[in-house]
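**Q** Below are the chains, spelled out letter by letter.
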Amino acid sequence: MSEGERDPDEGRRGYARPAQAHWAEIDALFSQALDLPPTEREALLAESTDNEDVRREVRRLLAADHAAEGFLEGPLDTRSIGTLEDALAMSDGAPPEELDRSGQELGPYRLIRRIARGGMASVYLGERSDGAWSQQVAVKVIRRGLDTEDVLARFRAERQILSSLSHPNVGRLLDGGATPDGQPYLVMEHVDGLPVTDYCDEAKIAIDERLRLFVQVGEAVAHAHRSLVIHRDIKPSNILVTAEGTAKLLDFGIAKLLDPGQWPAPEHRTRTGVRLMTPEYASPEQMTGAPVTTASDVFQLGVLLFRLLTGVSPFDDPDASPRARMPREVDALTPHPSTVLRRTSEARLQEIAAARSTTPDALTRALTGELESIVLKATDADPERRYRSAGAMIDDVQRYLSGHPVEARPAGAIYRTRKFLGRHRWVGPAAALVVLSGAGYVTTVLRHNTALEQERSRAQLEARTAQSVTDFVVGLFGATDPYEGGRAETPARELLDQGADLVLTGSWESPEVYTRLVAAVGQAYSDLDLHGEAVAFLQASLDAQVIPPSDRLSLESMLGYSLVNAGRHTDGIAVLEGTTRSRAALGDTLSNEHLRDLMMISTALFLEGEGEAALRASDRWLDRVRALEDAPDEITLSALDRIFHLAMGDLSYERAQRLAEEKLDYAHAAYPDTTPVVAHAYEDLASSMVREGRYREALEPASKAAELTSAIFGPDHLTSTYATETLASIHLELGEPSEALAIQRDVVSTRIRVLGEEHVIIPMTRHNLARALRAAGFPDEAEPHLEWAIEHTAAAYGMESRLTTVMLEEMGRLRMDQGSLDEAERLLEQVGARHAVSYDATDMRRVVWAVSMAELRDRQQRTDEARALLLESAEALRAAGMTEHALFRRVSEALDRITAR
Amino acid sequence: MRSGAPDPEITRLLVSAGSGDASALNRLVPLIYDDLRAIAHRRISLERKGHTLNTTAVVHEAYVRLVEGEQPEWRDRVHFFAVASKVMRHILIDYARLKRASKRGGGAVPVTLHDEHAGEEQGVLDVLELNDVLEKLAQHDPRLEQVVECRFFGGMSMEETAEAMGVSVRTATRDWRRARAYLYDALRP
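Going line by line, the protein sequences match chains A and B.
Here the first sequence stands for residues 34 to 934, where the numbers follow our numbering.
Here the second sequence stands for residues 115 to 303, where the numbers follow our numbering.
So here's chain A without its partners, still in its complex pose (with noise of 0.2 Å):
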């Protein structure tokens, strides 16, 4: 493929661009300089070395450690890198190597050193030159791209505005100019000092202290709201606080000034696409591109508050437990901040908590009530509903300071829910809403625009209730490739971990609607496959006692589900083994979820390896599903389906056959042969055949399922490949090498075409290619393509593998039919002794190598030896009762030649 011959450097920054060389040095004085506080680094770097390039380089590699916060990182970390600067650097295409400036002058101001670099801007640490004043400064240059007149016209138009903000906790904006080759600058107030969030954690500053630090902020942010300046990008990174614990906010105004979109030249309108914010902290305002106003500094300040309280971003969820990550909704709902605490890792809430000297219990309690009563209130995605200037909210923040009650109210959970269903009214084509009817009903309803929507909902509610049809559900899923695009998805996960907190978090009339709403949730995440969750939620529903024992039944299935989906086998079948009994105690023993019941159980049975009780158990209950008149076709499937690979599993490959072809009936009754349900039930009938032996009747159904799954997946798709891959192995057996070397020539070209040469699959493709070589009667094609298999699978998984001792066999009866004698029978020694170790006696593996054995020993001329080992294979398969298979014809053949000799 053409990026496998691009060379990866090319066009790269970074790593590979300094002399390799040079690299471990630089690695070396990289991780050295990590270790230490970044005021201390730059005198490493200068100890440590005289060249220039190599210091430049570890610089380079610090500041990507400084932007790469977050980068690749999993939930814990709540800062972004997708700031304001990135957004510019993206919309002028790739940013220019930046040039450290320092030493240089820029109007009457030295630039000192360079004290960090972003997208957008570099900042340096200057001084006056003309001594008219001895002040440090910071100086921000922007980044090319943007038009310096424009800049500059805009500037000029602003400066007045900003340089009358003259307030002890604004950081003030001094001057501003362009360079001598045009790119803008301005001169800012220069504050030593530690961005608040760090500070605050660092000094392990304790929550009424990190109150009084935010009403100096919110102070800045309410002068300026007199002034009539927008902040617009209030965020950590911008508020620094001094030794003296004087909090700072910084670049005012800026956001604006730098903002295209905000500009009336033409050129820019076409960058609307651009917005300048930070998405963490970004208003709904901002994100739609509505105006902005001074609410939306007042839902900035919100943010803040929420993360100064709680550690996190409100918008950035920190939860280890797994959740989908999506871009937030714009106006979604703020989360409480005593919810996010309470589902963090308890190692997490530990650091949290000692970062604000107090106990986790302590925090979480802080955190309940008036405080968050402000935060939601300051972050309500109405700008109606906020405080309605910074003024207000630092009012009510001082009143919680001392002890009055706060203005804001903790909304009612009316109107929570309310936003909540109105806001997923018209999210689209399947929304998973928790709805309470009239009479308390709890239903999980699920809206779909297109049939196949209507399809999978349908598979969904069932799976509600078993879910062994789930793994029908994915079957179907299987038609809706990852890649090949097309069908918007539920964002199922996402709508529901928000109606969980909602759930937890409202207050309900009363304890049954409570409850029935935490079922709901239990059963919503059971749908999803999320049965650890689903575990916790139905337990507790059930746990309440609240809830009329006629549905209580349904809720306890549901429980079994997934405790037996969450792998607690044994609590879910005494779970289950409780429901059966108590529907057979109410007189039913025919309903569906009787028998989905049952069909669970015997899954428990079989993954706590009770292989012939589970088969016991499933031909009850599918005795029963095939009296049921009215079963729904997905039921039987998934139950015949089941039982098949409980079968295969228990080795009973001929009731696993008349499985696999009852369901190929069902699937070809119900769905269209396109489906991907069809195509996999002729996969499962040939290899059913396979394990039996019986290769001619195989070939039918896996030429149908190579047929299906290309015309389906497209012959690339690795689906595709192993259905045809199949087939070749069928026509192998057969005795017809040339239709199976047609195959696989071509299952391994597409192979290393799709997945390159390096992948695991190959060396197995490779191998199969080589057999069909030899069997074709050409060895000598056959050996380049086996060593090549052999040297890779023993370096991925070891000499001794089961993979590579497969291989050497092949390389054994390769050597035999070369005939280097000598080297078969050192090989396929080597490979019996380690076959007598894995496999049974009676194990097809070691027949398949006895007779390879016995045609040496003939060819060597040992004939008893010969005729020895295929007495036994043939006393082995007999003793398994496979006379029927196609090896014990070989064995017999191969034994009738000896004899006529």
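Hints listed in this document are in silico derivations from the structure and should not be mistaken for laboratory results.
Please read these numbers as outputs of a predicted model, since none were measured by experiment.
Honestly, I wouldn't trust all of these hints.
Unchecked claim - From the structure, some residues in chain A lie toward chain B, with a derived Cβ separation under 7 Å:
(1) Trp-56
(2) Pro-70
(3) Leu-94
(4) Asp-98
(5) Ala-101
(6) Phe-104
(7) Leu-105
(8) Ile-385
(9) Ala-387
Stated by the list, open to error - A few chain B positions that, by computed beta-carbon distances, are all more than 10 Å from chain A:
(10) Thr-125
(11) Arg-191
(12) Pro-256
(13) Glu-259
(14) Met-279
(15) Val-281
(16) Ser-282
(17) Ala-295
Ideal placement from N, C-alpha and C gives every residue a C-beta, glycine not left out.
Using the hints provided, position chain B relative to the given structure of chain A.
**A** Relative to chain A, chain B alone:
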């Protein structure tokens, strides 16, 4: 589609890996490959709209299905995660390559994983590109490759990663920062 029963063979290999048999880990790969692929496949289907794949969830789910019934120790669990991370890398690269292959002629559209920043519109990462860079990095220092496999492809915690690599958390964290900085430097737009 295939329901994986907890496999005693897997647990046995995990235990021997824990007692120092390095080849045991390699022998695990073919045993868990299909299940991981099936799980990843299903989750990608479920979460397609967000183009997200919660790799932690995939690996944990595979663990629950294939091992948990056998109740191995924490160390075994970490070894499983480490192998699963490696396999996940293969699987995701497969997906990306398949996607690229299926788009032949229509211009290469990389399969992407949003990195974890909610709302980050431009944070689209080309896993094939990441893979290329990672292979280069591995030539300099294999630990850099390992730490990225654990953290990014397997969604493992720092503690688990350190245990899997047999180094202190401090060292693992430093390795992670190094790897991340190199990758960021090479991959950012």
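**Q** It remains to establish, for every hint, whether it holds in the given structure.
**A** Each hint, compared with the structure:
no., hint, in the structure
1, Trp-56, "holds, 6 Å"
2, Pro-70, "violated, 14 Å"
3, Leu-94, "holds, 5 Å"
4, Asp-98, "holds, 4 Å"
5, Ala-101, "holds, 4 Å"
6, Phe-104, "holds, 5 Å"
7, Leu-105, "holds, 5 Å"
8, Ile-385, "violated, 16 Å"
9, Ala-387, "violated, 17 Å"
10, Thr-125, "holds, 12 Å"
11, Arg-191, "holds, 13 Å"
12, Pro-256, "holds, 13 Å"
13, Glu-259, "holds, 13 Å"
14, Met-279, "holds, 15 Å"
15, Val-281, "holds, 13 Å"
16, Ser-282, "holds, 13 Å"
17, Ala-295, "violated, 4 Å"
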